[in-house]
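Student: Sequences listed follow chains P and W, in order.
Number 39 in numbering that gives the first Met the number 0 belongs to position 40 of the first sequence; there are no gaps in the numbering.
Number 291 in numbering that gives the first Met the number 0 belongs to position 292 of the second sequence; there are no gaps in the numbering.
These aren't lab readings, by the way, just hints derived from the structure by calculation.
Do not take every clue at face value.
[Said to hold, decoys possible] One-sided excerpt, in silico: chain W residues whose CB lies under 8 Å from chain P:
id, residue
1, Pro182
2, Pro184
3, Asp299
[Claimed, not checked] Simulated restraints on C-beta separations:
id, chain 1, residue 1, chain 2, residue 2, range
4, P, Ala38, W, Ala158, 23 to 29 Å
5, W, Glu254, P, Gly53, 16 to 22 Å
6, P, Met32, W, Thr231, 28 to 34 Å
7, W, Ala95, P, Arg63, 28 to 34 Å
[What the hints assert, rightly or not] Not close to chain W: a few residues of chain P, all C-beta gaps over 12 Å, as computed:
id, residue
8, Thr16
9, Leu17
10, Arg18
11, Lys21
12, Arg25
13, Ala29
14, Ser31
15, Met32
16, Ala38
17, Pro61
The C-beta atom is built at its ideal place from N, Cα and C for all residues, glycine as well.
Each chain, letter by letter, is given below.
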Amino acid sequence: MVVAAPWLVGEFTGLGTLRTMKMLRRAIVALSMAGAIFATLRMRGKGGVPPQVGGWREVDVPPR
Amino acid sequence: MNAPIIGLVGHGVTGSRVAAHLVAEGLRVAVYDPAPSVGVRSSLVRVDDAADLSQCDVVVLCHPTPHRALAERLLSDGTAVVSLGDDLTDLRAMLAMQGTAERHDAALVVGAGMSPGLSGLLAASLAEQVHTLDELHVALHGTAGPACARQHHDALGDAALGWHDGEWIEVPGGSGRDLVWFPEPIGAHDCYRAALGDPLLLHRSFPQAGRISARVSATRRDRLTARLPMLTPPHPTGDLGSVRVEARGANERGERVTVIAGAAGPTADLAAAVCAATALQVVQVGLPAGVFALGCRALDALDVLHHATRLGVHVQQFTGVARPTSW
Chain P
0 MVVAAPWLVG
10 EFTGLGTLRT
20 MKMLRRAIVA
30 LSMAGAIFAT
40 LRMRGKGGVP
50 PQVGGWREVD
60 VPPR
Chain W
0 MNAPIIGLVG
10 HGVTGSRVAA
20 HLVAEGLRVA
30 VYDPAPSVGV
40 RSSLVRVDDA
50 ADLSQCDVVV
60 LCHPTPHRAL
70 AERLLSDGTA
80 VVSLGDDLTD
90 LRAMLAMQGT
100 AERHDAALVV
110 GAGMSPGLSG
120 LLAASLAEQV
130 HTLDELHVAL
140 HGTAGPACAR
150 QHHDALGDAA
160 LGWHDGEWIE
170 VPGGSGRDLV
180 WFPEPIGAHD
190 CYRAALGDPL
200 LLHRSFPQAG
210 RISARVSATR
220 RDRLTARLPM
230 LTPPHPTGDL
240 GSVRVEARGA
250 NERGERVTVI
260 AGAAGPTADL
270 AAAVCAATAL
280 QVVQVGLPAG
290 VFALGCRALD
300 ALDVLHHATR
310 LGVHVQQFTG
320 VARPTSW
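All chains, full assembly: derive it from the sequences and hints.
Tutor: Laid out in structure tokens, this is it:
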């Protein structure tokens, strides 16, 4: 019979599992929050639409 | 009659171009720069102390900011001064020297570069095209010499100044992203608010405008590192740049109109042409005692703009249908 090392058993049962899950949940929440903040920052700037008509043309500035 | 003498402080990327313009116009130029980054030509007279320039008809300040202390010293000697500086704090300090200028019967022109400077001249040109002027929005791209690049870097990390519905507002630098179409070959760039001097000077020249803002183009890296020292050394000779000014208002029938003008080219060339044109205007036409910004009535903006175009600035106007931005 193979007996798992006590430290390995501790990882998957009782307090060890709880700690792992909590850490995983925190990581997911942190990533989600970072994503939400990034998306908000990206969306807030309105950017622009390329001009569809016309463009830049050089103009003369006559003397006064 | 002898040709007027123009004093020049700072013979760097922009200063050397200003000197070349002034010499080409037949003026004598005396230069003070203890460590010029660009070789001083034999046609220029070098002086050992900036105080020696107080004998000149006009002194042009092209050295890295601050300019306030030297401008005050020259004004106290009754010498007219043209400053290329664009540092917001320095501009505020120089605008406060109205009393000094009047006491010593001398004129001080501040912000005589690309932005502020050309932006004010373009705004004056656009203001003539609308019946009532309500808003002015400036965007700039590019830097002239290394000092200019450092200034833009710092500006992006400082609080930006804006005039909004009759009061000054301060918003964080690097905020307010907007995609701006500059004249070709610059094209589209994301621009952000920064501690730029344009709103301060434009409000002085166009008090009727209810909203004035200024933005500078920046990359994500620029914004991320704005509050840190510059990570990469600036380009030694500057790069291509552009300024774009948007004026909003109404025509005679009360209909909303938006007019847009800009210019593009090597940033140092644009700044130098405007600075030289301003110095020429001060020497040839003269100015009453006081502190002035480009675009104000006392300094005939369209005449200066005409001189600047003669020195190589190509003014462009957007002829399409302007779409509203988030400004």
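Student: Sort out which numbered hints this structure fails and list those numbers smallest first.
Tutor: 2 and 17
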